[in-house]
Amino acid sequence: MGAQQKTTVHFPMRARPAKPKARVRAASVLQVRDLIVEIPTRRGVLRPVDGVSLDIAAGEVLGVVGESGAGKSMMGSAVIGLFDPPTHIASGAIRLAGQRLDLMRPEQLREIRGRRIGMVFQDPLTSLNPLIRVGDQLTETIRSNLGVPRREAEERALAALLEVGIPGAEDRLRSYPHEFSGGMRQRVVIALALCAEPKLVIADEPTTALDVSVQAQIIALLKRLCRERGTAVMLITHDMGVIAEAADRVAVMYAGRLAEIGPVADVVGRPAHPYTEGLMASTPMATAPGKRLAQIPGAMPRLDAIPPGCAFHPRCPQAEAGCFLDPRPTIDACGGRAACWVRARERRMDRVS
Amino acid sequence: MSMTVEIRETPEPEAQAPEEPAARVEVSGLTRQFDVSKPWLNRLIEGGERAILTAVNNVSFQIPDRGVYALVGESGSGKSTIGKIAVGLLPPSSGSVKIGGTDLFRERSARRRRRARAEIQMVFQDPYASLNPRWRVGDIVAEPARTLGHRLDGGPGALLEQVGLSARDVEKFPHEFSGGQRQRICVARALSSKPKFIVCDEPTSALDVSVQAQVLNLMRDLQSDLGLTYLFISHDLSVVRYMADRIGVLYLGALMEEAPRDTLFATPRHPYTRMLLDAAPRLDAFGREVPPPKGEIPDPINPPKGCPFNPRCPLAVDRCREERPVMRMAGSTRVACHAVEEGRS
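The listed protein sequences correspond, in order, to chains A and B. For the first sequence, position 72 matches number 72 in this note's numbering, and the numbering has no gaps at all. For the second sequence, position 41 matches number 41 in this note's numbering, and the numbering has no gaps at all.
Derived from the structure by calculation, the hints contain no laboratory data. Please note that the accuracy of each hint is not assured.
According to the in silico footprint, chain B covers these stretches of chain A (three or more CB under 8 Å from chain B) [to be verified]:
id: 1; region: 201 to 213
id: 2; region: 231 to 242
id: 3; region: 286 to 293
Stretches of chain B that chain A covers, calculated by requiring three or more beta carbons in the stretch to come under 8 Å of a beta carbon on chain A [as the list claims (entries may be wrong)]:
id: 4; region: 78 to 87
id: 5; region: 128 to 137
id: 6; region: 213 to 227
id: 7; region: 236 to 247
Even for Gly, the Cβ is constructed at its ideal location relative to N, Cα and C.
Given only the sequences and the hints, what does the whole structure look like? Please build it.
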């Protein structure tokens with residue numbers, strides 16, 4: 001494995017280089033390095049996030065996929081520092097535009113959340129205060145984050161609602177959250193997340209509770225707004241279809257670790273990691289009608305029983321002897337876009353021949 | 001092409017093409033309304049009107065023996081209500097459900113009614129809520145058979161093995177299983193009374209993709225091995241495409257279009273079906289920049305006049321806003337749309 005010379009993690013730029021305005025790649029807005037999140041329990045320390053490194057550039061949508069328990073939401077929470085003790089960041093670094101978030105005190109993080117990082121969660125009702133009119137929630141957020149006078153904040157609130165496409169925005173400012181439909185509520189939450197012009201938006205399953213047609217609307221909206229403003233987006237979801245549609249790059253997580261990361265067309269179209277391959281093959285979308293769905297045997301290991309070596313090896317159809325043993329594969333060590341010894345060996349063979 | 005397709009009125013509700021095999025399940029003119037008005041005293045004091053929600057509006061379809069019929073629709077389209085009526089959990093406001101020729105709700109003979117009901121089982125969406133946490137898995141699985149007085153060949157262990165679990169799992173409790181395994185237990189329970197017809201209401205919506213594939217494969221295998229008839233309810237077009245022979249598309253409680261699987265996906269006729277297919281995420285859709293569908297599902301208490309889809313429909317004309325379209329045959333598709341009928345699509 002020492003054959004690989006990559007010392008810095010290098011990610012290909014954007015999935016779609018043929019963008020109207022091919023921006024010069026700015027420094028990453030978000031940089032996560034070797035992040036480890038730990039939960040001490042009576043029966044040992046669990047690691048829901050284990051050694052994850054990734055970057056998101058300005059205006060880029062990074063999709064984070066994985067099945068439940070893969071640690072994708074935990075990673076989102078780590079970035080915004082929303083942990084309940086005893087869960088904590090054990091090691092690694094999180095930088096937002098060069099600033100270390102993981103070393104900040106809670107008061108400092110409060111300043112960052114909302115102003116520099118916007119959040120959109122699955123259930124819009126939990127993000128909105130049911131007792132306060134939508135307009136007042138927006139105005140208050142804008143005033144506290146941007147420190148502008150009330151008048152201006154109100155104008156901005158209206159502009160924000162218009163921008164996310166809420167019909168009759170002027171009247172809707174006086175409505176309460178329960179008076180909106182699910183899709184409209186999620187639009188309000190997006191308006192709220194973006195109104196302070198954050199550098200980064202973390203969207204955790206933003207469309208899971210919505211219908212297909214509304215889901216398409218919300219994805220299009222999120223994509224458009226973030227591209228226009230150059231906001232970086234971490235889109236956390238379990239839905240490969242949503243990822244294929246919305247993301248520029250994709251990070252696939254398994255058992256708290258990064259299995260694969262790369263441009264969306266590569267990861268979805270030509271998956272490198274056997275887990276991604278299995279995941280793609282088992283989606284009914286990728287299966288021709290009448291054909292059997294490919295299935296990955298077994299289930300994701302529990303956090304207290306993660307096998308040594310590659311965490312996927314007990315379910316992996318391509319596993320080799322080396323996969324069962326430590327050290328476990330990492331993207332860095334394997335040199336490609338997948339954390340897989342088999343792929344790393346194949347690449348070495350190619351190079352030799 | 002649509003100009004040349006001969007369109008004729010379907011003689012509702014019975015009379016299908018003669019070569020059609022005998023229907024295991026026959027749903028005709030099914031309507032279900034819910035009274036969602038405020039309590040009587042509030043109405044008296046505040047002067048509110050009675051509010052009636054029509055969850056299912058005149059839905060008719062048939063499922064042939066050993067067929068898999070899928071109902072797709074967004075939330076509020078009435079698909080779960082139809083499922084509940086089909087197993088007898090809810091009575092219809094009007095219309096009928098016939099299982100093997102016996103009307104589930106109007107059959108006079110108690111014996112025949114009981115026999116028809118014994119042929120039905122259901123698998124629910126949430127495998128966490130549909131298993132009693134205090135019962136051992138063996139008891140859960142054996143219960144339908146015990147209730148109906150059937151003998152369980154090989155005991156509950158054999159059933160568990162049939163769905164890919166271990167016979168030793170009978171002693172365990174539901175909390176010891178993962179979501180996918182629980183759904184397998186639900187399937188085993190449904191099989192225990194040897195049903196002919198199973199209603200599956202979003203059976204894999206709560207599961208992860210790789211586990212969903214396992215459960216869908218299992219359900220397909222059981223369907224062909226045991227000769228089961230399924231009514232498969234889902235909001236996920238890709239799942240439905242995998243499971244069903246024939247698909248009905250629901251919108252605001254009414255059937256918009258019904259077609260064999262491949263026909264529906266190859267040539268969707270109804271504008272709503274097309275919108276659904278366009279909006280569904282696709283794996284090869286990187287950077288797809290299509291305008292997303294407009295509008296949302298209207299309030300079902302005050303549905304639009306005429307065709308329920310007319311406010312969002314790109315083809316809507318005055319007739320669509322006035323007159324409710326009825327289901328008509330167009331090729332192998334049944335579709336309720338004025339535009340298709342007039343060849344405007």
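Results of checking the hints against the structure:
no.: 1; hint: 201 to 213; in the structure: holds (count 3)
no.: 2; hint: 231 to 242; in the structure: holds (count 5)
no.: 3; hint: 286 to 293; in the structure: holds (count 5)
no.: 4; hint: 78 to 87; in the structure: violated (count 0)
no.: 5; hint: 128 to 137; in the structure: violated (count 0)
no.: 6; hint: 213 to 227; in the structure: holds (count 5)
no.: 7; hint: 236 to 247; in the structure: holds (count 6)
In this structure, the earlier hints numbered 4 and 5 are contradicted, and the remaining ones agree with it.
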